[in-house]
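Engineer: Read off the chains here:
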Amino acid sequence: MKEVLNVQNLHKTFKLSKKQQQLKKLPKPIITAVDNVSFKSYEGEVFGLLGPNGAGKTTIMRILATLINPDSGDAIVDGCSVKTDAQTVRQKVGFLTNELKLDDFFTPNYLFDFFAELHGIPKDKSAARKQELFATFGVDNFAEVKVGQLSQGMRQKASLAVSIVHDPKIIIFDEPTNGLDVITAKVVTDFLVRLKNEGKSIILSTHIFGLLENLCDRIGIIIEGKMVACDTLASLARSEHHEHARDSAHSFKTESGSLEKIFFEIYEATTKEVV
Amino acid sequence: MRNNVLTVMKKECARIIGDKKLFFTTVLLPGLMLFIMYFFMGTFMAAMFTVDDDYMYQIHTVNLPDSIAEIMQPEELRLEILPTQPHEIEEVKARIENRETDVLLIFPENFDELVANFHRDADIPAPNIQVWSNMTRTESGEAGGIVMQLLNAYHFELTHIFRINAPEYAPDGRYDLATDADLFAMIIGMMIPMLFIIFIYNGCMSIAPESIAGEKERGTLGSILVTPARRRDIALGKILGIAVFALMGAAVSIFAVLLSMPALLAGMEMEASVWEMYSLLDFALLFFVAISTTLVAVSLLSVLSAYAKSVKEAMSYAAPTMILVVLAGTSGLIFGGVPEGAGVFFIPIVNSSLSITAIFSADAINVPNVLITIATNFALTVTLTLILAKIFSSERIIFDK
Ligand SMILES: Nc1ncnc2c1ncn2[C@@H]1O[C@H](COP(=O)(O)OP(=O)(O)OP(=O)(O)O)[C@@H](O)[C@H]1O
Ligand SMILES: [Mg+2]
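Respectively, the protein sequence lines represent chains A and B. By the count of the numbering used here, the first sequence reaches residue 275 at its end, each step adding exactly one. By the count of the numbering used here, the second sequence reaches residue 401 at its end, each step adding exactly one.
FYI, nobody ran anything at the bench for these hints, they're computed from the structure. Any given hint might turn out to be false.
Derived lysine-lysine pairs resembling DSSO-like cross-links, with alpha carbons at most 27 Å apart [said to hold, decoys possible]:
id : chain 1 : residue 1 : chain 2 : residue 2
1  : A       : K18       : B       : K309
2  : A       : K92       : B       : K390
3  : A       : K101      : B       : K390
4  : B       : K20       : A       : K146
5  : A       : K24       : B       : K309
6  : A       : K28       : B       : K309
7  : B       : K10       : A       : K125
8  : A       : K101      : B       : K312
9  : A       : K226      : A       : K272
In this text the structure is predicted, and so the values were computed from the model without any measurement.
The task is simple: from the sequences and hints, build the whole structure.
Structural biologist: Set out below in structure tokens:
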């Protein structure tokens, strides 16, 4: 399998204000959000990132989308470094997160053309792609309505269509169903399945175990900025992580081990906290 | 991908055109306000200081002698003589004080006789004429002036000792060498730069925070930053997009000033033509000063806004700069005119204010200083654009917690 993503010893810290430092009860005004994380992802693979709040998932994804720079380490996206060739990486990556929004004052139609232009896609090509994407997501019906007047679900559909305007090779989803109702969430999961079937490479972070179990080929578990486990669901379920799970190893049912169980096992073993 | 500048700029423009309120406040409102202010100032002053052409001044007279009655007769003087009895004096004075009537003239009895028999050497004082008027009533002030002139002329005619400003030396009757144009230029040279700069800056203040901090706040800036568009192109596109409308606002403002000037001139009873007062060079310089000033204002406010997390915060950063801008707008007054040296023309906004003062004033303008102004402003805009691009490349721009 061809490698599309190679994350090498990624490290990222943030300076904190006095207030943030007190809030987090840290000894120094600095927080390590990503701590020496390495992993690979392959063409056509759905790679899941799982971890508690504040584990560093979003930070990793932002580095992959070149929105922030790592302190050290690098990520090679389809042969291009996020540090030295961010411009090319941006052409290869689509980033979907509910932190990035579509402008309320414009119509999906306008915004699609706008982003197509920024990606340097020729007019005729982008028109064809718009027709295709708008049809599949049913954006046609409200393509001329300003985003501000759209329902949450319509907005999500428009966002999805726009985020892959440049037909990216790798698509990064940060908690794509977070805060959505079940109907809208289904739009997103259906889209994920579609992309997977199309053979796209996907990096997905979510707190929904079911989604990870159904979609992901491999899963990386991140706790406190560190990648503590990274493998296929089946391998994770086998007893390879017992080095972490010391005491609880005997009670760990590998055969029926759901991702949820595996996660809590690893979490307790890593943090020495009982959930 | 240079055309990304254009793409970002076009969206910025579409955003402003699509928002009628925003368009109105940035493009039309400044000009409208300038026009209304100057126009009404002009008409108001006109109404205050002029008297209708067919108005008859009411002149109450006590003991009016024949000699004076005769010189007050001509119809073009529009003096209506109202003979009054001595016991009515207090009542008429009260009416003048209440701005109900114009002038009260009190002569001693047998005025002509007293004048004829008056000897300079004698101990008795010369006969006196009392002229009562009230200058807060335009008609009364004017009538008082007319009567005084008539009496003075009569006095000279009787004495024949000397004359002042006789007509033969100044055929047009004007001895004041200041032309109306000079006077007007002096007055507006002081007023226009401040209003002009404040309105331009105010126009930018209503778009820049919305366009930069607003996009941050609404989470839409990140969507643009994940595209391969260069940060510099995005920054430049945004600044140019905002500038287009700020410039339209500036153009409307200039136009409004020009439109309102005739009213202002008329109000000050001045005969001068804006078109004759200023040359094509003046207008060209004004145009470039306006453009460069607008660009400075836009890029300055854009950089400030980029540091803010919300439109509200951006506005709170921008507000104190407004005070500096108002101060800079009065540079002409602070420096007591336009300095000759080039030094101050390197200070942004101050240089614009002084250049505009220089352009409007009647004195010959120091063109190199105006060119320094324009060059300084363009250089500053480029620098600020690069700074904005730098901020866009920094991760703090969107994820500063
Ligand atoms: N810009 C920033 N400034 C300061 N601290 C930050 C910044 N961004 C992230 N952090 C901190 O880094 C750590 C990792 O955050 P991150 O958002 O990556 O976690 P996450 O795994 O995505 O969590 P969640 O599940 O809540 O989304 C957190 O402690 C967070 O507070
Ligand atoms: Mg997150």
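Engineer: Hint by hint, where does the structure go against what was stated? Just the numbers, ascending.
Structural biologist: No hint contradicted; all consistent.
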